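Could you put together the complete structure from these sequences and hints?
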Amino acid sequence: MRIGVDTGGTFTDCIVADGSGFRVLKVFSSPDDPARHIVRGLRELARSRYIEDVIHGTTVATNNLLERRGVRVALVTTQGFEDLIEIGRQNRPQLYNLNVQRPAPMIARELRFGVRERTAADGTILLRPGKREIERLRQQVRSSNADAVALCFLFSFVNPENERLVAAALRRLGLPVSVSHEILPEFREYERLSTVAINSFLAPAMGRYLTRLEQQVAAQPTLGVGRGGYKGRTCATRLFIMQSSGGITTADRAASEPVRTILSGPAGGVVAARWLADTLGIRRAISFDMGGTSTDVCLLDGPARTTNETTLAGVPVAVPVLDIHSVGAGGGSLARLDAGGALRVGPESAGAVPGPICYGKGGDQPTVTDANLLLGRLDPDHFLGGAFQLSRGAAIQAFERFLREYSRKHASYKDPMQLAQGIVAVSNATMEKALRVISVERGYDPRDFALICFGGGGGLHAAELAASLVLAQVVVPPNPGAFSALGILISDSVRDVSQSVLLAVPPQAANNGSREAKRLAADLNRRFQQLEHAGITELRKDGIPNKRVNIERAIDLRYSGQSYELRVPFTPEFLPQFHKEHERAYGYSAPQRPMEIVSIRVRLTVPTPKPPLQPEPLGRAVATAAIICEKPVWFNGSTHTTRFYDRARLRPGMNLNGPAIVVEYSSTTALPPGFRCRVDEFQNLVITRHAR
Amino acid sequence: MRVDATELEIFKNMFHSVAEEMGASLRRSSFSPNIKERRDYSCAVFDGEGRVVAMGDHMPVHLGSMPISVASVMSALELGEGDIAMLNDPYAGGTHLPDITMVTPVVIHGTGAMFYVANRAHHSDVGGAQPASMGLTEEIYQEGLRIPPIYLTRGGVIQRDAMTLLLANARTPREREGDLTAQIAACRLGERRLTEIAEKYGETKTRFYLDALQAYSARLMQAEIAAMPDGVYRAEDFLDNDGFDDRPIRIAVEIRISRDRARVDFTGSAPSCRGNVNAVLAITQSAVFYVFRCLLQEDVPACAGLMQPIEVIAPEGSIVNARPPAAVAGGNVETSQRIVDVLLLALARALPHRIPAASCGTMNNISFGGVDPRTGAPFAYYETVAGGMGARPSADGLSGVHTHMTNSLNTPVEALESALPVRVRRYSLRHGSHGAGKYKGGDGIVRELEFLTPVRGTILSDRRRFPPYGLAGGKPGKLGKNELLFGKRTIALSSKANFTAPAGAVLRIETPGGGGWGKDVRRRVAKLSVTSPHIRQLH
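If you're matching them up, the sequences are chains A and B in order. Quick note: the first sequence uses this note's numbering, first residue 1, plus one each step. Quick note: the second sequence uses this note's numbering, first residue 1001, plus one each step.
Below, a sample of chain A positions facing chain B; criterion: calculated Cβ distance under 8 angstroms:
no., residue
1, E82
2, N91
3, A121
4, F155
5, F187
6, A342
7, S563
No wet-lab data here; the hints were simulated from the structure. In this text, all values refer to a predicted model and were calculated from it rather than measured experimentally. Think of the CB as a built atom: it goes at the ideal place given N, C-alpha and C, for glycine as much as any other residue.
What follows is the structure in structure tokens.
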């Protein structure tokens, strides 16, 4: 039995594949000791059956980085560049803010040590660190009382000799050493340095957390009973961790490379969206995950793409991360009117505490959730299965107070209902902007895409968003609240390896079949093979069986002189493919310009067996059996008598017509007038516009 | 039609996204390190009358000057569908010659331009006496190719003669052509997005909200100014020299706040100088725009309405409103910073608990060029080096960061050394260069560049003589320093100098630290006083 566990801020979702479907359990998270509640969830779900694998999406790395909680790291770098971690790219995060702040550097000045060494751009060692130099460095690091070491020299991605030499010496101190050419042999020194520093900073806490979790799992009489061992441990249940790249890795690897897990949870949702789209035969989809404080979107044109340009908590993270775009619009986003009379919604959020007004936990500023409640789209009696009563009265009072306070500021709202519609419209506009950033801005036409919508609030907004971007359809899977956990459960084991090569493409190589083209292909093949060999060795070391390993080769290219690369799969057609991608992304291509190969990338994947979804026959039953009640709901500026359906009672083949609201345990889906919804053979709600 | 708070917010965000999207496309597909790595570019959306509606958060120094470019194009040329105008003439809507601006109209249903979109990018070289076109010069004619508003495309077709003329005058024509192509693509992108918006919301409504946004942004600024105490606030500060005559150059301002309006008068500033630190009016307006926008509590896109309550007076022929043929390359990068320093110093009297001490106050411009021995091809390179930020009334200044009128990124060492025959020997903070105080200024930077081939170059910097001021008892930041090291010899360079260097020479730049705020001893209310021997706050 395999269990997926996704730890969030408020809830921990556990999911298990069981026969034809999934079982889901939600338990409250315990930020002080996340392991405790995870074990409780496992025990309840397993029902004394043996658990082979626990696959875990964790926020430990993310939260520790955001809150700058980490260990004392010594930074060892090329002499003269000790302050690079503080200077960064020498810019400031906000232009027009006299009080602008940069996050404090993870490594204080007295913990940065320069080494007299240098490698040139072509890999020539200009200066090798001497024995005395290395000994001096060892002394300095030892007496600094550092708990971990980050090592990054200039041009180590071309020639790692100097880094290897110094790493070997420092490892003899018994401290964990993160080495830049091992973690990320790619160019751009600040981004590489930052990635390595984050890794050292987070590794010890991540290691402790995972060890504790493994111990707790092992201590359960009903868990961890079974044959075989996992790398010599008594715990027979294996623990895997979700990486930000959309694949899982072993707990050991995650403990030594925690920088690869900084977007562990959100990655699960994207993987699930890809899988669901594949099941439904949809190639182009957008995953849309609306939570309490933010909305995460990711464009899927075939396999999910990763980027190496992520910034988190003000620092670059250059390892592969799924290309997820996040905006500050969620159910808890706060509304206000600015001094010029425009309605602002977010990015400030009421969060879990105090939360929206209607939760009655002390919130007194209008939020998106309150607006949805006032418009009737949220049913106060059926929230979280009716376990939690929402207070409509408190929300109305607060909206009225808001209007009185702001009446002098050119406010154009007559009553709370108008304000509520405004709040929903502005938050929709923010989400629409996020969808445009990942589609239109990158040269994709949203009309070709299906929106796969999950998270607590997505279903309330999806149809309206789909309408304004003319998306093909909206799919709301069952259990949208636990969709990320599902993605974590079904993720493949993944190891990403890369190498910057900075290789000029000879002009004649554009001509397929030419001697230059063959020579280039042979050279690249040799480099790819080396990289693959290294990756497979790592997989073996991790104990991941690699008989069925899939290998994907990709190449980062640019026109010589540009600074940003485009990634294309490495096929015989990779050069024309690059021109095509450039044309799509930037509106022009220049096939006559010289090109440069910046990095080569390999992704090794060991597939995880996916629980086969059993389609249920489409019935002829009408949905009336699932109706809970009929109430007025605001859509398009007026009220409409709207049927409320219980999702648990909807059966494949049923059709609903808007206006309608579908209520379930962790989510609500709104169907405005003019939309229709079909329950497909996998229990998904598939929303489309009425044909005119 | 009535202004609806919801739609106002939606239109504002839409126009701003168009500007941001043009910028992202330009950055990612361009070739000059100045554009792609340092992000020295700006993109903006204008209404049919040439009023800026939204500008991307790119380069503050372009804030006030982009509208002047559009106005200049509108009066010089008849732009129709598919036409793109190009210009760089500082005396016809430009800033300094390396900044090439493109303007294109967006015509909806063939009834004249409903919008204009413009973008500007700093090109690495546009000819002139020195590689990278940022040399020490006495006339604009030495600074590079001067382009008044001309057609770069007509009806969607590139005008080859305009293009070839430009390329023939630059040291790195291939890079220029790549950058210009990226700029054209960004114009097209803006045009496409705005057409979609106008079609989706209809012409009438779109026009209505174009106007509403101007009124909205004017209201925001009026509310901000109204919250300041009425009064007259004066200050002065100096540039070291103009690179030729070793005389300080005075910049003086008087800010008059009355109710919800501000009058900013630069009368009393020095006349234009012989060197290139002359600022055209566009630069001065940008600096004023920048300072007032920083005071605004709301985060809003730049919009012409923001400047509506502010009147700027800059005497013609002065250092802050130069006339041809004065050289201007440094006005954009150096004088603009000093204008900001003077404005903030004056406002510190009105808002003592909001205004920071002086930041570095110079962009420390380094440019050089030569022939790459690996390829035999000529190269030209330009970069700026950050410094210390002034301390704030409630926080230390940041170290090693670009402040005020620039926010350009550094070129990664591994990118620079892979591309050019140069080696970076050191890039670190200049510890101890900050001004002390209750809150410390930020530290400057030390950068050492070793040339691997003979080069000709220019250093254009300031605050090598008059340090960044402290406020409220805080100490000034440390002066900057320029040196050329060769073998055992050290040659001191002045704040502005042309140089030639043999292979193996090292250029060493130490940039100024930021001023401190408040006396070092903790006390509850700090009395405002200015601590720098050379400047006064005039009462």
